[in-house]
Each structure stands twice: as structure tokens, then as C-alpha cells.
Amino acid sequence: VQLQASGGGLVQAGESLRLSCTASGSNFPSFDLGWYRQAPGKQREVVASIRRIGTTTYADSVKGRFTISSDIDKNTVYLQMNNLRPEDSAVYYCNAWGLAYGLGEYWGQGTLVTVSS
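The opening position of the sequence shown corresponds to residue 1 in our numbering, with each subsequent residue numbered one higher.
Just so you know, nobody snuck in bad clues.
Per label pair, the in silico range of CB-to-CB distance:
id: 1; residue 1: Gln4; residue 2: Gln38; range: 15 to 25 Å
id: 2; residue 1: Asn83; residue 2: Ser24; range: 31 to 41 Å
id: 3; residue 1: Ala13; residue 2: Tyr106; range: 26 to 36 Å
If you're looking for bench data, these hints aren't it; they were derived computationally from the structure.
Cβ coordinates follow ideal geometry from the N, Cα and C atoms, glycine included.
Make a model of the complete structure from these sequences and hints.
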């Protein structure tokens, strides 16, 4: 499985971005999917996740502003980010987790989001 993330960019505070992550290969519906981010000097943290059964979870810092979704037909997971804040600036990575299902774990290459104040 290869993951290709896109959609990052430079925006002003209060604006929106939508990140996309498209997977090649098979078994996409069998993975739990997530978006992580890593700011300079900080550890990578989970932002949002969607399990293969459809359950979603969010970091407290993004609840009510970010929405994760997936399109099985397009092998794509999205992260809609609204009302962006400067502290949301980071490299965002998509993740496909299937370790519990014998499928391995995969990461996208990262896409940079910069929010100016």
C-alpha cells in the first residue's frame, strides 16, 4: 500500500483547507485510517481517525473544526479543516493502520500546512 497525501498550503487564520490521501493497492476498506501532524520541535500527534467500521475520533484541539471522512470507491481519506489557527501549522501525515488485521501499517509522505495570523 502506498499513500499519497496532498492539499496542504499557506492560509490565513480562519480559513479552510481539505487534505486528501489516496491509497494505491488493495484492501483499503480493511484499514483504520488517520491523520497525524508534527510541528517543528514537537512529537507527532494524532489529529483524527476513522475506523474501518466508520467510527471517528478527534483530538480535543480540533474537535468541531476538523472532519475526517473516507471514500472507499476512490481509496481516499480526507481531512476537512475549518477555522484554521496558527497552532495548526504542521506537516500532516496520513496513516493506514491494519496491524490488528494482519495488514501492516503505512504512512503517507506528509503535506505542509502553514497558517498565518
